[in-house]
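As they're listed, the protein sequences go chains E and F. Going by our numbering, the first sequence opens with residue 1, and the numbers climb by one from there. Going by our numbering, the second sequence opens with residue 1001, and the numbers climb by one from there.
None of these hints come from the bench; they were simulated from the model. Built from N, CA and C at the ideal position, the CB exists for glycine as well. A couple of the hints might just be wrong.
[Claimed, not checked] Below, a sample of chain E positions facing chain F; criterion: calculated Cβ distance under 7 Å:
1. M10
2. G15
3. F22
4. L26
5. D33
6. L34
7. D35
8. G36
9. V39
10. L42
11. P43
[Stated by the list, open to error] On the chain E side, residues computed to face chain F include the following (Cβ under 10 Å):
12. Y6
13. A11
14. L12
15. D32
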Amino acid sequence: MNVLIYLVPMALLLGLTGLVAFLWSLKSGQYDDLDGAAVRILPDDDVES
Amino acid sequence: MAETLDLSVFVERRDSGASHMTLAVDGIGCAGCIRKIEGGLAKLPGIIDARVNFTQRRLAVDWRPDAIDAAAIIEALERIGYRAHPFAPERVEADDKLQAKWLLKCLAVAGFAAMNVMLLSISVWAGNVSDMTQETRDLFHWLSALIALPAAAYAGQPFFQSAARALRTRQLNMDVPISVGVSLALGLSLYETATHAVHAYFDSAIMLLFFLLVGRYLDLAMRRKTRLLAGNLASLKAEFAHRLEANGELVQVPAAALRPGDRVLVRPGERIPADGTVINGNSEVDESLVTGETLYRAIRAGLPIYAGSVNVSGALTVRVTAAGSGTLVDEVERLLEKAIAAKSRTVRLAEQVARFYAPVVHATAALTAVGWLIAGASIHESIVIAVAVLIITCPCAIALAIPAVQVVAAGSLFRGGIILNGGDAVERLAQVDTVIFDKTGTLTLPEPRVDAADIDKEMLEKAARLALSSRHPLAAALARAASERSPYPGAIEEPGQGVRAQIDGIEARLGSAAFCGMTELSPPAPPSAGDASFISFAHAGKTATFAIRQTLRPDAAAVTNALAGRGLSLMVLSGDRPQAVAPIADELGIADWRAGLTPGEKIGVIERLKAQGRHVLMVGDGLNDAPALAAADVSLSPVSAAHLAQAHADALFLGEHLEPVLRAVVVSRRARVLMKQNLALAAAYNALAVPLAIAGLVTPLIAAVAMSGSSLLVTLNALRARLAS
């Protein structure tokens, strides 16, 4: 069971990384325009229409 | 126009010296629009950043004030093909945004904690039936506590705060049992962990918070979205006023920027931008949006005039008075206050449940503890079982039962062109048994139409195209019939008389009968000529007279029949004259109608109906309807309604059809059925799980399965509200 000594902190650290990443994305406004993100991907900016 | 446009009220100054403005934009529908708007603005000099928010249909622009100004940006958008209006966000919206962010943060924390605690819990459950040592289990319980306690302290705040607020006013809401349940579960688990016990309930407590936060967030997100779009509609409708400066200059300002004492010029065909007193000019005004009256009122210097009326014939100078200081507005405001104060706050379904739920749950838990004590169990054992009862009855499913349906129903209404102001409007709409319609602008279209029944098509087309060159309201109504949208070149408008132009080399005239050289008015004289206004047209020796009148919304009869068919009693209450109301009520088959009512009399009728135990839905648009809208159990307004009316309606509907009224009732009724089903499901779950808990058979594993299972079931059932549309 000694393996737990580093497995458990690692699991927690991974979880915390996910949480911090989410809070960061929330703070940087990535959820402000969800529909926009979906359609913005469509136009090809480098192709002249 | 030489007139300058002053938008300074909407422009924010950034610290960097840049100016910032948010605009509501009409007609953003696809990815191409985003690109056109952002790309088009980027080409202008001085634009620092332009970013479209597609979800909110808004545009945020930053620019250098020395290179370009706000008016030029709006003009540029107009050239690209989008109508935009600067937007001053309301306080509620900013509060909503903060609240939504906070809930999302709580949700993230609860989600993180729930996942990690569950990871540890499943190990413990598996270990309990195999070979886990007590030391390892204790370690896992302590780790769970380490995650769950701070997470619950953070993510539980929305519930703890709301419960504290309710208790302070000596009331009970759903959050009281939630807070008590979560705190006790955590406290007990901590004690159990310290005494090396087998079971701890950290996972149940934190999962409960996670599920509840999901419901709470969805509810807020739905309300926020409808409020945002309602805000856009209001700002796109906002009008500009021509303000006369002290030095005699004319400046165009948004109507919202007018202050009492300002003088504004209102040209014929324009809407009065604010309440005020006429100081100069003679004209007639169309007050159908204010009083429901379709006949024009003659106006001269010294008379009061109300925002929302349309100036018909002559230019007027108006001195703006403080909002609500006209006699009519005074009366409406006074009635509104009374109506809002008297509005018996209909007890919401959720509140009804909460009121008896909390005492029942807490009493059950206490009785369980006492029962086990009497049966000879130790104090510790009895408390553990009592807490298990509290956890299993924690109203997870019940707290989701109603908001989940509301969110789905509001979405389905939204797709049908109905924007709700509040989630509980759905519940109140479902109980409606009487529908009261206002006539002008509600049953009828907001703008008058030409009565084209027996008119020569060619003459109508010519007249309508000529009417495009005039600003007169009657001409504007006629112009709506034109299939060719380009005006005749060289048309000249003679103020107060009409408009003339050369058509195929021969002069054509549109306007008063005299202007068209007709010696006497010879209208087609339909039976209901009383509510029509006439405009004449002469061209190449032929003449025609068009009757312009309020016409019914295209599906009004179908909708009123369908409503009556669903067992609702219908009524028309109008401020207009009986001669104008009777034919309309007749055509719709509504026997119960009253005309010539003041706002106070409208409230009187509604209150009598409510006293008889009826649930009244009021559909109206005028300023004079605002008190009635507030007094009714629930109310709807078309989007063309007066500001005050919209503010007091529970929902707005878009478009020129009356169908949304029917849809609102149908969807809401179905939603209420689903809410009740959901409550029944939640109750059935409790009926199954509570005896187990009282018997002391509930382990953390059973609690976790029961809780997520019932929450899922309720949410899935709520999704069926979608099928209704």
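Going down the list of hints, with the structure as the test:
no.	hint	in the structure
1	M10	12 Å, violated
2	G15	5 Å, holds
3	F22	5 Å, holds
4	L26	6 Å, holds
5	D33	5 Å, holds
6	L34	6 Å, holds
7	D35	4 Å, holds
8	G36	3 Å, holds
9	V39	4 Å, holds
10	L42	4 Å, holds
11	P43	5 Å, holds
12	Y6	14 Å, violated
13	A11	7 Å, holds
14	L12	6 Å, holds
15	D32	7 Å, holds
Taken one by one, the earlier hints fail for this structure at numbers 1 and 12, listed in ascending order.
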